[in-house]
Structure formats: structure tokens, C-alpha cells
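Novice: Put together the whole structure using the sequences plus the hints.
Number of protein chains: 2
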Amino acid sequence: MAANGATARRRSSSDYSEVQASRLGTSLSLPDVLRNSFKVVDGPPSSATGNPDEIAKLFPVLFGQPSAKIVPADQKSTADSNQRLKVGVVLSGGQAPGGHNVISGLLDYLQDKTKGSTLYGFRGGPAGIMKCKYVVLTTNYVYPYRNQGGFDMICSGRDKIETPEQFKQAQETAVKIDLDGLVVIGGDDSNTNACLLAENFREKKMKTQVIGCPKTIDGDLKSEEVPASFGFDTACKLYAEMIGNVMVDARSTGKYYHFVRLMGRAASHITLECSLQTHPNITIIGEEVAAKKQTLKNVTDYITDVICKRAENGYNYGVILIPEGLIDFIPEVQQLIAELNEILAHDVVDEGGMWKKKLGSQSLKLFEILPHAIQKQLLLERDPHGNVQVAKIETEKMLIEMVETELESRKKQGLYKNVFSAQSHFFGYEGRCGLPSNFDANYCYALGYAAGALLHSGKTGLISSVGNLSAPVEKWTAGGTALTSLMDVERRHGNFKPVIKKAMVELEGAPFKKFLSMREEWAVKNRYISPGPLQHVGPTSNSSNHTLMLELGAQA
Amino acid sequence: MAANGATARRRSSSDYSEVQASRLGTSLSLPDVLRNSFKVVDGPPSSATGNPDEIAKLFPVLFGQPSAKIVPADQKSTADSNQRLKVGVVLSGGQAPGGHNVISGLLDYLQDKTKGSTLYGFRGGPAGIMKCKYVVLTTNYVYPYRNQGGFDMICSGRDKIETPEQFKQAQETAVKIDLDGLVVIGGDDSNTNACLLAENFREKKMKTQVIGCPKTIDGDLKSEEVPASFGFDTACKLYAEMIGNVMVDARSTGKYYHFVRLMGRAASHITLECSLQTHPNITIIGEEVAAKKQTLKNVTDYITDVICKRAENGYNYGVILIPEGLIDFIPEVQQLIAELNEILAHDVVDEGGMWKKKLGSQSLKLFEILPHAIQKQLLLERDPHGNVQVAKIETEKMLIEMVETELESRKKQGLYKNVFSAQSHFFGYEGRCGLPSNFDANYCYALGYAAGALLHSGKTGLISSVGNLSAPVEKWTAGGTALTSLMDVERRHGNFKPVIKKAMVELEGAPFKKFLSMREEWAVKNRYISPGPLQHVGPTSNSSNHTLMLELGAQA
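Residue numbers (UniProt numbering), protein chains in the order written: chain B, 1 to 556; chain Z, 1 to 556.
Just so you know, these hints were derived from the structure itself, not from any lab.
For every residue, glycine included, the Cβ atom is placed at its ideal position computed from N, Cα and C.
Mixed in with the good hints, there may be bad ones.
What the hints assert, rightly or not - Partial list, derived from the structure: chain Z residues whose beta carbon lies under 8 Å from chain B: (1) Ser-17; (2) Ser-156; (3) Asp-249; (4) Pro-371; (5) Arg-527; (6) Gly-538; (7) Leu-552; (8) Ala-554.
As the list claims (entries may be wrong) - Estimated spans, in silico, between C-beta atoms of each pair: (9) Lys-131(Z) with Cys-308(B): 39 to 47 Å; (10) Thr-405(B) with Lys-358(Z): 54 to 62 Å; (11) Lys-376(Z) with Lys-176(B): 51 to 59 Å; (12) Thr-405(B) with His-346(Z): 27 to 35 Å; (13) Lys-168(Z) with His-372(B): 34 to 42 Å; (14) Thr-405(B) with Arg-84(Z): 37 to 45 Å; (15) Leu-415(Z) with Leu-364(B): 41 to 49 Å; (16) Gln-111(Z) with Glu-520(B): 16 to 24 Å; (17) Thr-26(Z) with Gly-50(B): 50 to 58 Å.
Specialist: What follows is the structure, encoded as C-alpha cells:
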């Protein structure tokens, strides 16, 4: 099999739509602090998000190092402008709009401040580092990808640098091409790995520094210093456009409930943001389901209740948003799946259903209320390790069937009289590779430029952080946050593993509270908003998303 | 059950996104001929598209009437400007972007030229006419819907005015509110019905005139005089945006084949247009499949061949477009379904499969190669008449399974070595209710304005037609085409029924030929184009679609 992306074709001008071409020609703004003379200054020593003692043991060299701020300087940067750097960059994990601009920003920094430097793009993700597969990224090479979506400039991959053997391969590559620095663009896992790599290089007395960049459309890599992960803004706007269209359709047709599943497995930020942008009748937030220890029946009943209430008001249609990872948040489903994996590993599933006696009573009850197709899927479709394939369950279709069954039963009791028709949607891939919004385009460019500045000033083990995002681009701040300061440990197979904790939807946070204050009205009345196509010029083109603005306190 | 849309909530300004609001404030352009003094002049007598003798019998009053042109006049219109008209308008069938602008254009005509007139919006489609359910459409009422997607101003419905009883109800409504005219906004069926209604009113010596307007995102209502149906332009642009994003994703990820099913059952115009906009690796056009009498196996083999060829070139990913109505174009599938309906009506489907002996050999062979899920669906899911539910088959998933099976078999022969992973998509509802493109916004406004002029000049049984669409809006022409001239007859249950023939993809037409000249290159090389979000200002905002321009000879 050809390596991931190894075969992607270089873009050429004939491949561009007019809109893409016009974005290509749009110049990027830099925060004032990066545009003018600046210096990198250290903050106070840092600790860790949790278990600092364990993190200190895992990162003996880097633990406690200060975060850095980039601040205006009266004169030229203290960094040596005659230095020529050899820097690598890698894209890790799923696509997010803006990745190409991180690379553009990094390249522009090197061109502006360390003329004669070389930028290596490792191909196909971390595997490219281990196999020393790269392309030299020149201005000409990078230009066709400016402001463009996708990761196809150098492609990405999901391999990890984890084992001693893999670390050794990475070291060999760093030595072979004499790398001064490496920028890792990725999510929480990739940034954890970036920090391990930084630690490893330092420990081996190698000069190669490592800087991370926060990427994920899921929006679950963020903290006080790293207020947003790039791609979330664009992806949510694209999903919200489509949800808004579906809403207008629902209201016009007057006879369908649209169940929309949205990408985002581990956290429900995308679903919450899309809800704030479009005001659907029902929004399920995984974190709330988990906090309230809700069952699948609870969720089904809630949806059914709203449908019945709407029927009383004369509305026989609606729009319902569901996060991709919903069932991962339901404890009883996790329990059922664990029991099924156990049973399927040892027993034959007999037609007569004798095997079901091995299920606990709660799991059996849950299994019995699942739609037949889902039951089948749970029993038949397994991953290479023999485990049930939870990720393959089409949650929106499962809920439609469960709501249908519940409505039938209410109909028999005379509690519901309408005809229920549903349409299902999954919005995912359409959003990962859209043209970056102005926000993501500028944010990424600043992240990349700042990453260059951090490397140039000798930093390692930091994640590029751009702040003050509720202000215009000119006023944004820049710096680098100690990756160890974002970490906690998890116990896996008896060992402590460092992890950057995923940022979940906070039930006490401003975005969820805003949603909470409105959802009852949205449920029964119709307050649909259709955001329309993502704009690059004119109204709304420079606004970011509700989640970010609410978290920054910049929106009521 | 609440009548379709009867309960839709009026839009208010708080429901608008900024983009919607900005569209609301955008003024609409009218063709010069409608903006200045004009008169309506008749062309030569018309005939019918087919079987003129039968059409003459079905439309004894209207058959042969001339089409009309709206042309500049030296002085004020010959139509009486002191006349006050009572005009009704109705939306019929599925949503298409721009419907609200037809109504805006009609209202503006009445305001401009027949001050004091009243516009009645029949609610929920033709049922609103029969039940005399309407709302008076004032400037204030209509304003919030200008340039907005959806049909929620008065909603739509799929009822038809067909039986003598239903015609009587329509007559009663016309008499009750003293209707001078009625504008029917709909597809081929609705316009056929509009003409029957016009004939009926004339025959009964009633004054009510009827004018049609060409609506359908499917693009299958068009002729020389009616070069486009509205909504097609916007819907294709929205689908193409998403397809473009999926392409960038495919190229970046390098490991998925994306099978994209696109709305459009009867004809494959949408699929062809999206293909011309985005250059996918494979596009299946139903009309070509039918013309070549291809089997499902032929289609599967074609897709598999391209996948294998791409694998040899190092590409293990791609994008494939499939029209929603594909299997309706495959004769053997139609045959199988007919046989199944017959068998299922009379026999029990036994587990042992004895029932299969009743299938003809060709149908049995086809049934056996279908994926299990599809076999089940064909046997179990039936509509209220007991018929197999063809419309519910997810063609893209069926093809994925069939291609998978074929690739497995080639793998065993050593002809294919890669891992095949596929993602499925269906783009439909997201496109029907988008914000109208500038083209659809202006086209609809002109259609509605012209419909007003036709009514005012005493015309009936015409469809509003706006032409010269490759020129700027100012130079567009306007007029009305005799609906009978678009008709042919079909024999149904032994009787002749008038029909406006659906315009299919012409294999000798310019759009298909353009596609044909490029598809081999698109298949093996990657020529993806990602059109990006629909623009209302700036580049591409005023261009229409490839199909229209190629058909008009305005694009090579």
C-alpha cells in the first residue's frame, strides 16, 4: 500500500476554483507584536495540571520550565538574525482547516528573520519523521496552499512516535538532516508526543527543539493560555450552514424531524457551538448526559417529550443535533459493550439467544430495547481485536428508531396523534477540509509565525499560543506555553502515562450556560437561525465563534 | 395532523443571521425590458412537443395559442394601469432556492403597475387553493423573505388538483375571492396541472387566468424557451462546495473512496453539473447507463476498474458521484423489482428460499449478487401498497458493498493489492433550502415580475419564461411560453394524460459532451476543483452554472 499521502499530487493553478484563487491572493494579517520588533521573555516556573510529582518524573528535564511571552522590543530581536536554521514541520492526525497556514507562518518567520534557513516538511505525518521522508518547503512550494483547506501539502498520518525504537528513528532523522527544530501540528495526543520528543532530544543532549501547535476541529485541546484549537471555527461554520439550510427545509416542508449527527467523538463542543449558531429544537450534549448519568431511554424520552409538546403546538417537524460520541457518554452503554466484548470473546452467539443469559440484568434490558439493526451490528461487526465496533453505530438512526418505537407506544395510549417522519444526516468530512475562515486563516498564520520565533529563541517543549482573540488580529498576543504545564497522568496497564487532558464541555462554562438559558424556548418555539455560507468578505467574515467569545467573556 | 406548513411561524428580524440580513438588504436587478415601458406581443400559433392531435383534444380552448414576448414600448404599457387585480400565488412540490423571490417579483409588479391590487398566498400548496386557505401578501409580509431560501412564507405541498371534485373546489375558491389570476410555482407536474386549471377556468367562462413558473432543483423542467428551472443553480453550488471539501479531505487523507449520492431521481442533471464543477474521479450518469443498457454489474465493474487503475498509479483514494435515481435507470433492476412485487403480492417468502424459483433467471442472478442488507430491504420494507421501496435503497452504500466484493475477488486473482475503505454521503436536503445564489435570486425575481405582466395583459396557460441568460441581467428577455406547446401525452390506465416531458441529460448535449471529453483524465489523474462556499459578492458571485452556459453555447 502506498504510504499515506505519499502520492498526493502537487496543486497547480489549473486546479483552483475562482474562490480558492481569490483566497490565495488574500494577504494575511499578523498581530502587531509579531509584525514589529519583539523579544521572547520567560514567565515564572510552571507546574502541571494534575499530579505534578509524576509529571516531574516523566519529564525530568523539561518539567517546571516557564512559559514564554513574545513582547515588543525597542530594538531588533535578541535572537541571532545571522543564524540559519534547519527546521522540520509535521501534520499529525485528522485534517483541520488552517493547517497550511501554520506552515506558511512558520516559513515566513524563517524567511523574515533567519534568511537562508531550510524548512523540511515531513510527509504523511509522524511516520515521515521516522522514515526521514520529507520535502523541502520553499516559498514557491508553499504558496499554492496559503489560505487553502486540507493537509495535502505534506499530508498527515496517525502513527505515533512511542516506542524506544521509534524514538531512535526520530533521533536518527534529526541527526541526519541536522535539525535545529521541529514543529508538530496536532491534537492533544500529538502534543503530548511532541513534549516526549522534546524531552528525549534534550535528554540525549541533542540540539533539536520541539514546538507544538494546537489543532483539532473537535475543539477539545484548549486551556487558559491556549484559548482555541484551530479548525474548530471553520468546521462549525460549515456544519452550521448546512444545519441552517435543513432548518429552513424543515420549516418549509412541515413534516420531517431531521436528526443531525455531528463530528466530535470525545467532546461535544462542535454540537454545542452549532446549537448556539442555529438554535435547533433539541441538542444533546454528551457531557450533560454523562454528568446526569442518563440512560439511552432517558435521552429517547427527552426527545419524544419535546416532539409531543411540539405536536400540541401544531408543529410536526424539527431539528435535532446529536454529537457523534453520544453513546460513549452513556455509562450503561459502556457497560453493555464491555459485557458483550467479554461474551463474544469466549462464547458462541446462539440463534436461540441462550447467550443473553450471560448479560447482567441492566445490560440485558438495554440490549432488548435497542433496534434490531443495532443489535445485529453489535454482535456481528467487530474490529480486528474482536471488539464491538462502537464507532460504526449510526447514532442518529438508532435514536430515530427508538423515538419511533416510543411514539408508537404513546400513540396507543392516546398521547400522540401525528405521523412521525424522520431524516438522518451526518456532517463530518465536509467540514474538516473546508476553506479556512478568516479567523482560522489568521490564527494559524500567527501560530506558525510564533512557533518560528520560539524555536529561534531556543525554546523547546512549548506549544505555540496566541491569545486575546476577542480583539482584532493586530492586538492578539503570542507566546508559548510549557506543554508539561498542560499535563496530567493516566494509569494505563499499571504505568503512568502523561496526557494533556481533553477539554470537555464545562457544564458551568459560559457556552453551556447560554445554551441552557435558551433551550427550552428553542424546543417549543422555533428560533431557527440559518447562518448561510461562510463569508470571507463582508458581514460576519471576521467574527469567530460563540464558544470562544463566550469563554473569553466577550459575548453575553 | 396539522396541515403542511399551516403552522410555520412568520419570520421576524431576530431570526436572521447576519448573512441573511445582508441578503435581505440587497436590491434585486430587473432586466431592462421589464424595468422600462413594455408591451406584451404574441408570437405565431403554437403546437405541442408530441401528439398535437391528442393535446388539442385535451385542451380544446388553449391548444394552439401563441407564446408571448415582452418587448420595449415607446409609451406606457397598453395594459390598464387603473385596473386592480386579485391574484393568487401557490408553491407546489419540493423546495427550491428562489421561490420567495418569484413571489417578491410578482408583488412588485402588482405594486408598480396595478396599484391597489391584492396578492393572496395560498398556504401549504395546492391544498390551500382547494380549501381556500390563504394569507394576504403585503409588502411588509413579503419583505422578510426577499432573497431568502425555503418556501416558508406560505409553505408548499404535494397535493394535486386532478379530480372533477378538486377542480370544483378550485373554482369555488376562485369565485369566492374573485380571483383575476393565479401563479403556480412548480415543476413539470405542477405546470401541467396549472395548464389544466387554466383550461378548466376558460371552459367554465371564468375570468381567472393561470400562469406557471419553472421550479425544480433537479433541472429537468426546461426547453428552448424556458432555459432553466430555478433552484438548480443554488443547489448544485451548495453540493459542489461540499463535494470539493470532501475531495480535499480525500487527497489529504489518502485512504478513502468517498461515494457521494446526490439528489435528483428522474434525471441526472445535478450529478452532471456537480461533476463539471468539481472534476471527481468517477461520475455515473443515469441516462448513459440506460442508453447503454448497462447492468448493475457493469456499473460496479466500471468503478472497480478505475479503482484498480488508480491503485497502479499509487492513488488509494477518490471521489465518486452517483445520482439518487441511478437504479431507476437500470433495466434489469426494474425487471427484478417488478417480479418481486408480483411474487410478494401472492406468496410467502420462505426461509429456505424456495420462492426464488419464481424469479426469472436474469433477476435471480441479479438478486444473488446484491448485498444482503439490500436483499433484506427489498423483501421486508414495502410501501402501503405492498410494493418494494426502491426510493429507500441507499445506492451509494449498495455500490460500496458491491465494489468491495469485486475487489476482494480481484485480490484473490492478484489483480489488486490495496486496502479499500469507503465513506458514504448523501447530499440532498442541505441544498434545497439554501440562500439563493445571485443568479437564482435575480432569475426568480424576473420570473415573478414577468408572470405579473402576463396576467395583467390577459394571458393564461403560459409559463413565465426569462431568456438570454448568458448575458448580464439587464439584457435578459422575458415572456410567456404556451404550456400546451411543451406537452406530449402518456398513456396511463388506457387514457391519454398530458405531460410536460421531463428534460433528461442529453447524451448529445454540450454538458455531457464536455464531461465525456474530460472524464478519462479525471479518472486516473486528479483534477479536483473545490469551488468553496457560495459567494454573494466578489468573484464568481454572478456566474451561473456550467450546464446552462454550455447549453446556451456560451462556454466551450
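Novice: Between the beta carbons of Thr-26(Z) and Gly-50(B), is the distance compatible with 50 to 58 Å?
Specialist: Once the Cβ atoms are compared, 53 Å apart, the range 50 to 58 Å for Gly-50(B) and Thr-26(Z) holds.
Novice: Verify the interface restraint on Asp-249(Z): the C-beta must sit less than 8 Å from at least one C-beta of chain B.
Specialist: holds, 4 Å
Novice: Taking 16 to 24 Å as the hint, is the beta-carbon distance of Gln-111(Z) and Glu-520(B) inside that range?
Specialist: violated, 41 Å
Novice: Is the hint on Pro-371(Z) kept, meaning its closest Cβ partner in chain B is under 8 Å away?
Specialist: violated, 14 Å
Novice: Range first: 34 to 42 Å. Now tell me if the beta carbons of Lys-168(Z) and His-372(B) are that far apart.
Specialist: violated, 48 Å
Novice: CB of Thr-405(B) to CB of Arg-84(Z), is that within 37 to 45 Å?
Specialist: violated, 56 Å
Novice: Is the hint on Ala-554(Z) kept, meaning its closest Cβ partner in chain B is under 8 Å away?
Specialist: The hint is violated - Ala-554(Z) has no Cβ within 8 Å of chain B, the shortest such distance being about 17 Å.
Novice: Confirm or reject the claim that Thr-405(B) and Lys-358(Z) have a C-beta distance inside 54 to 62 Å.
Specialist: violated, 34 Å
Novice: Any CB of chain B closer than 8 Å to the CB of Arg-527(Z)?
Specialist: holds, 7 Å
Novice: Is 51 to 59 Å right for how far apart the beta carbons of Lys-376(Z) and Lys-176(B) are?
Specialist: holds, 56 Å
Novice: Take a look at whether the Cβ-Cβ distance between Lys-131(Z) and Cys-308(B) falls inside 39 to 47 Å.
Specialist: Violated, since Lys-131(Z) and Cys-308(B) (Cβ atoms, about 26 Å apart) do not stay within the stated range.
Novice: With 8 Å as the cut and Cβ atoms as the points, is Ser-17(Z) at the interface with chain B?
Specialist: Interface hint status for Ser-17(Z): holds (4 Å vs cutoff 8 Å).
Checked against the numbered hints given earlier, the structure breaks hints 4, 7, 8, 9, 10, 13, 14 and 16 and satisfies all the rest.
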